[in-house]
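**Student:** Protein sequences, first through last, are from chains A and B. In short: position in the first sequence from 1, add 14, done, that's the numbering used here. In short: position in the second sequence from 1, add 14, done, that's the numbering used here.
Hints in this document: simulated from the structure, not taken from any laboratory. There may be inaccurate statements among the hints.
Note that the list lumps identical chains together, so a pair holds whenever it fits in one copy or between two copies.
In the PhoX-like style, the derived pairs of lysine-lysine whose C-alpha atoms are separated by at most 20 Å in a straight line are [unchecked claim]:
{"no.": "1", "residue 1": "K173", "residue 2": "K222"}
{"no.": "2", "residue 1": "K222", "residue 2": "K299"}
{"no.": "3", "residue 1": "K196", "residue 2": "K223"}
{"no.": "4", "residue 1": "K73", "residue 2": "K44"}
{"no.": "5", "residue 1": "K173", "residue 2": "K88"}
Number of protein chains: 2
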Amino acid sequence: MGRKKLTWQSIGVTFCRNSCVCRETYKMLKLNGLQKISVIGMGLLGASVTMACLRAFPKVFTVGYSHRASTRHKSRQLNVANQIAETLEEAVCDADIVILATPILTFETYFDQIAPFLKPGAIVTDVGSTKALVHQWADKTLPRDVYYVGSHPIAGSEKRGVEYARDDLLASARCILTHTAKTNTHAIRILRQFWSELGCNVVTLDPKKHDRIFGLISHLPHVLAAALINSSDFEDMKFAGKGFIDTSRIASGPADVWMDIVLTNHHNIVNGLDRVIRQLNMMKKAISAQNADKVNP
Amino acid sequence: MGRKKLTWQSIGVTFCRNSCVCRETYKMLKLNGLQKISVIGMGLLGASVTMACLRAFPKVFTVGYSHRASTRHKSRQLNVANQIAETLEEAVCDADIVILATPILTFETYFDQIAPFLKPGAIVTDVGSTKALVHQWADKTLPRDVYYVGSHPIAGSEKRGVEYARDDLLASARCILTHTAKTNTHAIRILRQFWSELGCNVVTLDPKKHDRIFGLISHLPHVLAAALINSSDFEDMKFAGKGFIDTSRIASGPADVWMDIVLTNHHNIVNGLDRVIRQLNMMKKAISAQNADKVNP
């Protein structure tokens with residue numbers, strides 16, 4: 015890495031599990047003692063997080079990683095982090111906070127791959143839009159002396175890629191932290207401070223409740239937008255006004271990201287679809303019958 | 015009315031059917047001979063049309079009318095037209111172009127009420143979002159020497175009321191003119207010029223085709239947005255992001271306006287609902303089965 019190994023501010027020893035100098039007791043991280051933040055995945059959101067970190071924590075070493083060489087190259091050119099690591103080991107070694115910003119279905123594998131390199135006490139989080147399954151994967155896969163907390167910053171765009179990243183993408187965004195009874199409360203506190211410093215308005219939720227709510231108010235509208243587009247004739251769309259465009263805009267989000275969301279929250283989305291289909295059938299009946307009272311209850 | 019009777023520019027006689035000076039042959043209206051434009055309904059769109067007319071046709075007398083005294087009062091205070099008429103007769107007498115900007119289900123009655131006061135050769139139009147039924151009403155109710163052409167300017171907002179009217183609401187808006195084989199081609203030409211002068215990008219369609227297309231790309235999204243809102247829990251909505259807000263924004267449009275749209279285009283909307291419900295059931299099945307290929311075809 016060509017860079018002095020980073021240490022806990024108060025102990026002065028390296029805890030990287032890989033080079034494994036020692037496994038002594040360590041003091042808990044404080045945000046002002048933060049030395050290295052790693053973000054895995056240099057898409058729009060991941061790179062916006064590294065950029066926001068560069069601005070909010072100028073003294074903290076910010077590392078980005080992408081499994082694609084071309085993305086690493088672009089990320090370096092765009093200076094979105096202090097370092098763009100060539101390997102996962104290099105990316106997460108000594109990191110105080112590791113953030114996964116890749117599609118959700120890759121998280122379990124990434125947890126597994128980074129586990130050997132994480133230092134004890136490291137906080138691992140992610141920016142995925144579904145949470146219950148991710149908590150299960152983290153519990154199963156991450157070392158017991160590493161703390162997982164779920165993060166869901168409500169920021170993004172239908173655009174994608176490091177080239178659209180902005181250091182203010184998270185400004186005023188809501189960020190949901192998810193935790194279970196098992197989650198380390200200190201890690202929650204640190205992450206709350208961390209996202210707040212990046213400009214987010216942080217709230218906490220149980221991961222199951224998170225997935226139920228977001229299944230209905232975020233994932234379901236996406237599925238509806240896709241159904242609307244699929245039901246429309248291409249040649250009619252030139253007459254589309256702002257209503258149609260706004261309603262269907264979210265359907266143009268990255269398909270793989272949304273696929274993972276849908277697959278990892280299928281139960282809640284199916285529940286929402288049941289509700290909506292029931293509503294639509296009621297409305298269809300009322301509209302067919304030209305029943306004004308029921309069309310507009 | 016305290017105002018000199020307006021006449022066709024080229025004949026100099028009054029054709030108002032009410033005071034009925036004569037029923038002689040008249041020359042066809044040219045846009046630069048336009049003397050009086052009347053708009054019935056001083057809502058957001060109606061008042062924006064009068065304001066746009068004041069700007070585009072400063073020499074033309076622009077009259078607004080509302081059946082509500084309070085709206086007439088507000089419209090006068092806001093100076094949205096040269097005159098706010100107290101009665102329908104006063105509003106449409108001698109008008110070259112009469113534009114209905116009230117909810118669609120009132121059109122048949124308005125056609126009936128204004129018929130005695132329209133001068134021969136007057137062009138009657140409207141700004142409604144459905145057209146096939148309105149053409150039928152016009153054919154049945156308006157005098158044979160009055161020309162009906164449908165207009166559908168794609169402009170508006172979820173806001174309503176004369177207080178939100180703007181003289182640039184129509185700028186760059188698409189405006190669909192609808193006509194059947196029976197429609198007077200000169201009247202179509204005049205209205206095409208008229209809306210173009212107000213800044214619209216004018217296209218023409220058969221009213222049935224218009225209703226089919228707009229049923230799918232405008233009215234259906236509205237019904238979907240309403241179904242989505244009705245399927246959501248109020249307490250979850252505080253977590254709503256831009257996707258949900260954009261998708262559901264149109265559901266906050268004026269209920270009576272939308273009720274009329276739905277009721278006068280029920281056949282096409284029901285067709286669209288059938289398509290969407292079919293799509294949603296397919297997606298539900300694929301999501302339940304976690305079938306990635308079918309979720310993202």
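**Student:** Each of the hints needs a verdict: does it hold here or not?
**Tutor:** Here's how the hints hold up against the structure:
| no. | hint | verdict |
| --- | --- | --- |
| 1 | K173 x K222 | neither (28 Å within a copy, 37 Å between copies) |
| 2 | K222 x K299 | neither (34 Å within a copy, 22 Å between copies) |
| 3 | K196 x K223 | within (16 Å within a copy, 60 Å between copies) |
| 4 | K73 x K44 | within (14 Å within a copy, 73 Å between copies) |
| 5 | K173 x K88 | within (16 Å within a copy, 44 Å between copies) |
Comparing the model with each earlier hint shows violations of hints 1, 2; every other hint is respected.
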